[in-house]
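K.L.:
Chain residues, written in single-letter form:
Protein chains: 2
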Amino acid sequence: MNASSDLQATLDASRKSWVESANDPSCDFPIQNLPFGIFSDGLNATRRAGVAIGDCIADLAALESAGLLTVPSSGAGDSVFVRDSLNDFIALGRDTWRSVRIQLSKLLARGNTTLHDDAELRSRALIRQADATLHLPVQIPGYTDFYSSKEHATNVGSMFRDPKNALLPNWLEIPIGYNGRASSVVVSGTPVRRPNGQLKLPDQERPVFGACRKLDIELETGFIVGRGNALGESIKCGEAEDHIFGMVLLNDWSARDIQQWEYVPLGPFNAKTFATTISPWIVTLDALEPFRVAQPAQDPQPLDYLRHAGDHAFDISLEVLLKPHGAKEATTISRTNFRHMYWTMAQQLAHHTVSGCNTRVGDLMGSGTISGPADDSFGSLLELTWNGKNPLQLKDGGTRGFIEDGDELTLAGWCQGDGYRVGFGTCVGEILPAHK
Amino acid sequence: MNASSDLQATLDASRKSWVESANDPSCDFPIQNLPFGIFSDGLNATRRAGVAIGDCIADLAALESAGLLTVPSSGAGDSVFVRDSLNDFIALGRDTWRSVRIQLSKLLARGNTTLHDDAELRSRALIRQADATLHLPVQIPGYTDFYSSKEHATNVGSMFRDPKNALLPNWLEIPIGYNGRASSVVVSGTPVRRPNGQLKLPDQERPVFGACRKLDIELETGFIVGRGNALGESIKCGEAEDHIFGMVLLNDWSARDIQQWEYVPLGPFNAKTFATTISPWIVTLDALEPFRVAQPAQDPQPLDYLRHAGDHAFDISLEVLLKPHGAKEATTISRTNFRHMYWTMAQQLAHHTVSGCNTRVGDLMGSGTISGPADDSFGSLLELTWNGKNPLQLKDGGTRGFIEDGDELTLAGWCQGDGYRVGFGTCVGEILPAHK
Chain A
1 MNASSDLQAT LDASRKSWVE SANDPSCDFP IQNLPFGIFS DGLNATRRAG
51 VAIGDCIADL AALESAGLLT VPSSGAGDSV FVRDSLNDFI ALGRDTWRSV
101 RIQLSKLLAR GNTTLHDDAE LRSRALIRQA DATLHLPVQI PGYTDFYSSK
151 EHATNVGSMF RDPKNALLPN WLEIPIGYNG RASSVVVSGT PVRRPNGQLK
201 LPDQERPVFG ACRKLDIELE TGFIVGRGNA LGESIKCGEA EDHIFGMVLL
251 NDWSARDIQQ WEYVPLGPFN AKTFATTISP WIVTLDALEP FRVAQPAQDP
301 QPLDYLRHAG DHAFDISLEV LLKPHGAKEA TTISRTNFRH MYWTMAQQLA
351 HHTVSGCNTR VGDLMGSGTI SGPADDSFGS LLELTWNGKN PLQLKDGGTR
401 GFIEDGDELT LAGWCQGDGY RVGFGTCVGE ILPAHK
Chain B
1 MNASSDLQAT LDASRKSWVE SANDPSCDFP IQNLPFGIFS DGLNATRRAG
51 VAIGDCIADL AALESAGLLT VPSSGAGDSV FVRDSLNDFI ALGRDTWRSV
101 RIQLSKLLAR GNTTLHDDAE LRSRALIRQA DATLHLPVQI PGYTDFYSSK
151 EHATNVGSMF RDPKNALLPN WLEIPIGYNG RASSVVVSGT PVRRPNGQLK
201 LPDQERPVFG ACRKLDIELE TGFIVGRGNA LGESIKCGEA EDHIFGMVLL
251 NDWSARDIQQ WEYVPLGPFN AKTFATTISP WIVTLDALEP FRVAQPAQDP
301 QPLDYLRHAG DHAFDISLEV LLKPHGAKEA TTISRTNFRH MYWTMAQQLA
351 HHTVSGCNTR VGDLMGSGTI SGPADDSFGS LLELTWNGKN PLQLKDGGTR
401 GFIEDGDELT LAGWCQGDGY RVGFGTCVGE ILPAHK
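Chains as they are written, first to last, in full-length UniProt numbering: chain A, 1 to 436; chain B, 1 to 436.
To be clear, the hints were calculated from the coordinates, so they are not data collected in a lab. Honestly, I wouldn't trust all of these hints.
Claimed, not checked - Pairs of lysine-lysine residues, derived as PhoX-like cross-links and limited to a Cα-Cα distance of at most 20 Å, are as follows: (1) Lys236(A) / Lys323(B); (2) Lys436(A) / Lys236(B); (3) Lys328(B) / Lys236(B); (4) Lys200(A) / Lys436(A); (5) Lys323(B) / Lys395(B).
Model the full structure from these sequences, guided by the hints.
P.N.:
Following this line, the structure appears as structure tokens:
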């Protein structure tokens with residue numbers, strides 16, 4: 001088999017794994033997925049690269065040192081997998097990511113006995129997720145957040161500006177984006193402290209200082225740059241996907257009251273910089289390939305530098321769950337899909353670099369809030385409750401306009417295949433009370 | 001002498017160096033300055049830490065290995081000075097920066113024979129700046145740019161909004177800032193490519209794609225974070241200067257036409273991300289101490305979290321020079337002073353972190369364009385020419401509304417002492433034509 005058919009085989013819906021938990025149709029990590037992350041465990045506190053399979057993690061360094069995994073372009077010296085981020089591995093290039101994923105797909109496939117029959121190695125190289133701690137998968141040199149859902153931009157424009165001219169004139173021409181704060185990107189599970197800041201109350205002339213009263217989520221995905229570009233050069237739209245390593249779920253926590261007071265004229269700052277949560281597993285574009293779909297029609301047709309032939313959206317089901325502290329059950333507060341996004345990741349990256357701005361391996365690019373057309377498919381509480389006016393009913397009897405202390409917010413996402421799903425795992429954060 | 005009097009001695013206006021070029025009253029690098037940078041030279045391509053003295057650079061690793069310089073909190077292993085950036089040195093803490101500066105002040109002082117009389121070591125440890133290449137002094141994990149000149153904000157507001165209400169309501173309450181793009185921060189001397197992007201021409205319904213026609217500078221300073229803060233915690237205004245390692249000159253290159261079309265509602269993006277130039281030498285806050293002055297009166301009095309007792313501005317003279325390609329002489333197009341800034345660096349850092357946003361060693365924080373009250377003290381061509389309406393007359397006979405290809409823009413800055421000046425060197429960039 002050649003490389004292309006090897007790649008196709010990793011996506012074969014009928015392929016099963018001898019890691020039986022991976023074959024559960026509701027498992028996010030079947031053998032068709034094989035997302036990359038960084039983990040440690042109780043027996044080995046060293047952070048290292050792993051790939052999720054069923055309820056386990058394949059320890060890539062252990063497999064490499066046992067000779068079951070080879071890294072084509074790796075130099076001599078330490079394993080590129082024994083690192084606290086995936087950056088060095090990603091920097092080796094797409095042929096390497098692909099080769100490693102293909103090797104793992106074979107090694108973990110039902111019928112392959114090499115690792116399956118080596119109980120000693122298996123006990124070392126296959127760690128239960130329940131016993132592991134997941135860390136930020138990449139060191140993020142730069143974080144950019146886009147604003148690419150037409151429904152979201154329209155909702156926000158209707159709420160705060162003019163419902164009749166909800167979209168600003170530049171929105172249909174530019175994949176609008178802004179620089180985010182990379183330092184406060186945290187991995188799923190990290191508690192998030194409610195921010196303090198300046199709030200402008202309608203009945204007072206001057207702002208007051210205090211805890212955010214309109215704390216919100218933004219349901220997003222993010223992509224990780226796998227190949228950068230040099231300063232002064234740009235990435236062509238048609239080649240932009242070659243620069244993407246994979247995708248994660250992203251919660252762009254937002255303090256709406258701080259945002260509304262501060263954002264003119266230079267954009268959101270303290271309203272966003274206090275925390276951004278991402279899911280720990282990076283799902284490769286290779287694994288997402290079967291779920292590629294057409295993006296929504298774009299009218300007007302974008303300027304030349306934003307054009308690409310073919311399909312560049314992905315059919316990714318998304319959900320948001322809210323669980324108050326101590327509640328028995330979470331409430332699903334939104335259901336939407338990444339395919340609604342007006343601007344594609346390729347267009348975002350082409351636009352980001354058209355000025356000559358350089359990108360680097362590990363850069364994180366957020367999609368912007370993903371809102372669908374239906375009222376229950378909006379990606380923020382701001383939209384779901386229409387700025388708090390229509391509180392959501394929760395399963396435990398409570399209601400929510402915005403997030404309360406102790407609330408746990410979970411994003412989930414998956415691509416539905418035939419009898420399996422390529423999932424992202426979850427992106428979770430619980431809100432701690434503001435500092436006094 | 002104790003540490004405090006040792007520190008005072010480094011600032012003594014009468015102290016001279018046996019490096020005679022340092023004693024020239026117009027030299028930016030007298031013994032009172034001793035700024036830190038990263039350099040390499042023809043004989044030794046390894047990037048390493050140095051301190052500017054007169055027309056030379058003291059090679060800190062060479063002095064350390066010769067036993068003439070000790071780094072108090074340094075661990076075993078490689079020298080903290082043999083690095084691509086100053087970050088590891090800075091991370092050792094203020095006592096260490098201060099100790100190294102004090103040791104160098106003694107070693108280089110007239111009358112000290114230790115290094116002066118060791119010709120062999122001197123030839124290795126004292127490199128002529130003319131023979132050296134200066135590199136980016138820090139690896140910058142995050143870049144934030146503020147907007148803290150009242151005159152600049154008023155000018156921009158008058159030009160693009162309403163002259164009668166030029167300042168937006170939040171400006172007098174918040175040290176407005178936004179996240180910049182760290183990847184494209186380059187060291188002085190790096191050529192800057194004119195960016196392409198979307199331009200919205202007044203006579204056309206849709207934007208066109210092309211080279212920026214309104215390329216501009218922003219005269220700024222920047223400070224380098226020397227001690228970070230943990231996520232969820234904040235830095236108190238009164239303690240914020242303890243977190244600052246030092247200052248540089250910063251040119252926040254700006255594409256005004258791209259900016260005007262893209263910036264609503266999330267702020268400038270492609271208009272700024274193509275390049276930001278900083279000067280190579282970081283002048284420590286210790287060296288700036290004699291030039292501390294009162295900041296402008298603030299009315300209304302800021303909210304509590306933005307208050308600090310004492311003087312927190314610095315008297316730094318600033319100039320901008322423009323030299324067309326091939327011209328014999330540069331024209332000084334602006335003269336201003338950092339002391340005009342409404343918001344202090346301490347207030348900027350307190351505001352940045354009040355939401356719990358973490359900062360890291362090496363973070364760069366731009367002041368925002370520094371405009372003074374006089375027409376010839378504005379920090380951008382946008383203001384100096386009033387959006388191109390009043391072109392500047394150049395010495396070679398040409399005029400400028402905005403920057404043309406081949407123009408070399410230079411920022412210069414210094415604190416004037418009694419018979420000496422603590423200078424920043426220059427921050428230079430020449431404009432290359434846009435890619436076709």
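K.L.:
For the pair supplied as a hint, Lys200(A) and Lys436(A), confirm whether the alpha-carbon distance does not exceed 20 Å.
P.N.:
Holds: Lys200(A) and Lys436(A) sit about 19 Å apart, inside 20 Å.
K.L.:
For Lys436(A) and Lys236(B), compute the direct alpha-carbon distance and say whether it is at most 20 Å.
P.N.:
Between Lys436(A) and Lys236(B) the Cα gap is close to 14 Å, so the pair holds against 20 Å.
K.L.:
Check whether the Cα positions of Lys328(B) and Lys236(B) lie no farther apart than 20 Å.
P.N.:
Between Lys328(B) and Lys236(B) the Cα gap is close to 49 Å, so the pair fails against 20 Å, i.e. violated.
K.L.:
Is the Cα-Cα distance between Lys323(B) and Lys395(B) 20 Å or less?
P.N.:
Status holds; Cα separation ~9 Å.
K.L.:
Taken at face value, is the distance from the CA of Lys323(B) to the CA of Lys236(A) at most 20 Å?
P.N.:
This hinted pair is violated, its Cα atoms lying about 34 Å apart.
Checked against the numbered hints given earlier, the structure breaks hints 1, 3 and satisfies all the rest.
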